[in-house]
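If you read the sequences in order, they're chains C and V. To convert, note that position 26 of the first sequence is 26 in full-length UniProt numbering; the numbers rise steadily by one, no gaps. To convert, note that position 88 of the second sequence is 88 in full-length UniProt numbering; the numbers rise steadily by one, no gaps.
Keep in mind the hints are simulated off the structure, nothing from the lab. Keep in mind that a hint or two might mislead.
[To be verified] Mimicking DMTMM-like on lysine to aspartate or glutamate, the simulated pairs with C-alpha atoms at most 25 Å apart in a straight line are:
| id | chain 1 | residue 1 | chain 2 | residue 2 |
| --- | --- | --- | --- | --- |
| 1 | V | LYS121 | C | GLU54 |
| 2 | C | LYS102 | V | GLU125 |
| 3 | V | LYS51 | C | GLU80 |
| 4 | V | LYS121 | C | GLU84 |
| 5 | C | LYS71 | V | GLU125 |
| 6 | V | LYS121 | C | GLU57 |
| 7 | C | LYS67 | V | GLU125 |
| 8 | C | LYS83 | V | GLU125 |
| 9 | C | LYS138 | V | GLU125 |
| 10 | C | LYS110 | V | GLU64 |
In this text the structure is predicted, and so the values were computed from the model without any measurement.
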Amino acid sequence: MTQIVKMKGMNKYFGKLHVLKDIDLTVEQGEVVVIIGASGSGKSTLIRCVNGLEEYESGVLEVDNQKLAPKGGNQQALSEIRKEVGMVFQQFNLFPHLTVRKNIMLAPMKVKKASQVVANATAERLLDRVGIGNQADKYPSQLSGGQQQRVAIARALAMEPRLMLFDEPTSALDPEMIGEVLDVMRELAKEGMTMMVVTHEMGFAREVADRVIYIHEGQIVEEGRPDDVFDNPQNERTQAFLSRVLAH
Amino acid sequence: MEFQFQFDWQAAIHAIPFLAKGIPYTLMISFGGLAIGFVLGILFGLLSINKSWFLRWPAIAYIEIFRGTPILVQVLFIFYGLPDLIGGPIDPLTAGIAAIALNSGAYISEVVRGGVQSIDKGQTEAGLSLGLSRTQTFWSIIWPQAFRRMIPPLGNQGIVSIKDTSLFSVIGVGELVRQGQVYIANTFTAFEVYFVVALMYLAITLTLSLLLRLLERRGVASV
Chain C
1 MTQIVKMKGM
11 NKYFGKLHVL
21 KDIDLTVEQG
31 EVVVIIGASG
41 SGKSTLIRCV
51 NGLEEYESGV
61 LEVDNQKLAP
71 KGGNQQALSE
81 IRKEVGMVFQ
91 QFNLFPHLTV
101 RKNIMLAPMK
111 VKKASQVVAN
121 ATAERLLDRV
131 GIGNQADKYP
141 SQLSGGQQQR
151 VAIARALAME
161 PRLMLFDEPT
171 SALDPEMIGE
181 VLDVMRELAK
191 EGMTMMVVTH
201 EMGFAREVAD
211 RVIYIHEGQI
221 VEEGRPDDVF
231 DNPQNERTQA
241 FLSRVLAH
Chain V
1 MEFQFQFDWQ
11 AAIHAIPFLA
21 KGIPYTLMIS
31 FGGLAIGFVL
41 GILFGLLSIN
51 KSWFLRWPAI
61 AYIEIFRGTP
71 ILVQVLFIFY
81 GLPDLIGGPI
91 DPLTAGIAAI
101 ALNSGAYISE
111 VVRGGVQSID
121 KGQTEAGLSL
131 GLSRTQTFWS
141 IIWPQAFRRM
151 IPPLGNQGIV
161 SIKDTSLFSV
171 IGVGELVRQG
181 QVYIANTFTA
191 FEVYFVVALM
201 YLAITLTLSL
211 LLRLLERRGV
221 ASV
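Okay, chain V solo, but in the shape it has when bound (with noise of 0.2 Å):
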């Protein structure tokens, strides 16, 4: 007997109604998330470069932690783990959420402390002599310059997220794999299908990724 593959084009263009259901859940999960991340990331990267010990150990500690372990552990961790200290459910978007924000914080907390401490030690000294608070220095001086340095490893990781939310599946949550889980169980047709999820993931991340490169292009116009 031959073997023969073909790609079902009827069963990938079936498939996508309901495997497009889970494209509002990864959108929600990786920007929701991401939109926390980005805080945390200049809350925590601003400490970890603070002069006092005391607010930069524990920035520290937070980042290695979440640097160094799997976002997979880290999600299964808050859905099956924090209930039992809780006492309570937590729903998986929910939870989905946290663990993206909690990762991509630590990763943006390293993009900000790289963005800020690139800047010129002779900004701030201008900034000083000129009469300005560090405050001051800071927000209208190096924050407007760090930032736009940020924008290429912040678009990575915005990237890197939205890829991190397939790995969800495992808390039930509907995003793009799971929903494509479960039309295979019915179907069959996991090559397809799998076929349509990529092509879907690419199509946020391309738009993603265009995007920021009219951003970045906006941003050196003026400098």
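Excised from the complex, chain C in its bound form (with noise of 0.2 Å):
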């Protein structure tokens, strides 16, 4: 199997805060791995390293066989490692003077240089694949979140990408909207997409992930499989962060 993300003894600090503590971590290709924990925890803090929007300060990080170094390293590395991870944010980030079509079209054309003539067949075909496929030419502020969501997974999606990141993916959401969104990713779970979630959806972590990963104060301290760490958690702060989520 490929190892796609590498991490061995990743440390990194704000200041003097120390968030992450010697994180090891691998992730396998077509793995689903979904990370957990409180705020404040550095779930969020860990997979923003492994696309460099967030610098760390010592260790070793490999992304898809390329070397990230520590404290913002090389550039080159860098460049080429985003441009095959993918990222949904909390806020969904989309850009509000684009419409949804170019929003999706402006990175394959631009990075990948891609024609516009198939950077948006590439956009009506995932728009499509994400349930939206008669919004194209809306902005993003006409659109409900869950769609804006939507929105955001296609337009990562575009750059064909070898791994998808979700920061919190659902946490801005209405409930309402909550399980469109998740549905989108259980379909790209299923079609093999290698993914890193962080996520209070204990629902979808338990149904969808290959891996639970629980992060205490910048330490990893369970790993498992979903059932194995949500009926059966080893350390006693597992225990007490499920019991907190799982009680209502």
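Reassemble the complex: the two chains are provided individually, in unrelated frames, and hints are given to aid placement.
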């Protein structure tokens, strides 16, 4: 199996705050890894390191066989990695001045130098796939939150990434829209996409994840198959966390 | 003896053709200066938020110097002072355009800085995460959004600069106020003449306001 992400003894600080502590983690191709933990535990920071949106201070990080050096390292590797890694944000971060179609066409045209025709065809195919083919010429602000997040997923997929990062993709959504976004993600997992997902949706984690990782204060304290982690957590911190989030 | 003042419509109307000769100069100085000021503003505004201090520092120095000194002193310095340095006279039109350019450029730099910094950093992150370079992210994602937010303050600066040109009568450039002063020297109809001069400024600034409102509305429609 191919390892897409390899972290070894990775440490990250925000000033004096030690936010990631000796992280060892590998993600295999086709694997869906769900990262859970309390807010402030470092789980978002962890996946933001994978595409270099956060720098780390020490250790080793390899993504898609490219070494991403600490402290902002080499720009070359960084830009190669970003072409292969898609990201979906909590706040969608769609481009408000562009239509949905143009949001999706931008990166293929600017980065891959795709022609307008090809980029447009890709955009339409992906919008159909996420179930909003008829909204292509609207602006993001004209769509619901759930639709916007599905556009954001399509936008990331347009670069044909080898790995998708999801940073709390449903946390900013109204409850009735969470399902439609999770459905798209579930489909994506089924088709074999490699995914790292930070989420509070425990039902989704249990159903879709190949592996669940629990982070506490910047450390991976539990890691395993979802059934094992949810039904039989070994670490008492995991037990405490799960009893808090699963109680209601 | 009873004091009586009558607005002399005849005098006002007669003054119009002579005063109107100042309009092209007022427009040339303000819009010529603003066009250059806009370029300076983009340049120094972006430099002032650059990561490297040796690009940032000179830009901030420029902005602070030209915002912190009166434009009247700036234009006097350019027209009367600079010739000593360069060893030859500067014509008043050039001096006026240069003063508006440098002065508005400093203010527009701040408008540019504010506009760019007002865009959520999630926009930059989204661009970078898609594989766009920093330059591509800036020009295709950040700048178009920032520019829309810059339109109202830019319009404001345009109006301020148009009115600032009235000070340049001191260097003898034949703009609106200068024309008024010359006309009054011969007719002693100060009230009527300055009244007409004021109306002419108002006509220019109101036209600009109107155009900007149209531009803004078009911009807003697509966000």
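Against the structure, the hints:
1. V/LYS121 x C/GLU54: Cα-Cα ~13 Å, so holds.
2. C/LYS102 x V/GLU125: It holds: about 18 Å lies between the C-alpha atoms, which stays within 25 Å.
3. V/LYS51 x C/GLU80: Roughly 23 Å separates the two Cα atoms, so the pair holds.
4. V/LYS121 x C/GLU84: 22 Å, holds
5. C/LYS71 x V/GLU125: The given pair, whose Cα atoms are some 17 Å apart, holds under the 25 Å limit.
6. V/LYS121 x C/GLU57: Holds - the C-alpha atoms of C/GLU57 and V/LYS121 are around 22 Å apart, at most 25 Å.
7. C/LYS67 x V/GLU125: Cα-Cα ~21 Å, so holds.
8. C/LYS83 x V/GLU125: Since the Cα atoms of C/LYS83 and V/GLU125 sit roughly 13 Å apart, the hinted pair holds (cutoff 25 Å).
9. C/LYS138 x V/GLU125: Roughly 23 Å between the alpha carbons, so the hint for C/LYS138 and V/GLU125 holds.
10. C/LYS110 x V/GLU64: 37 Å, violated
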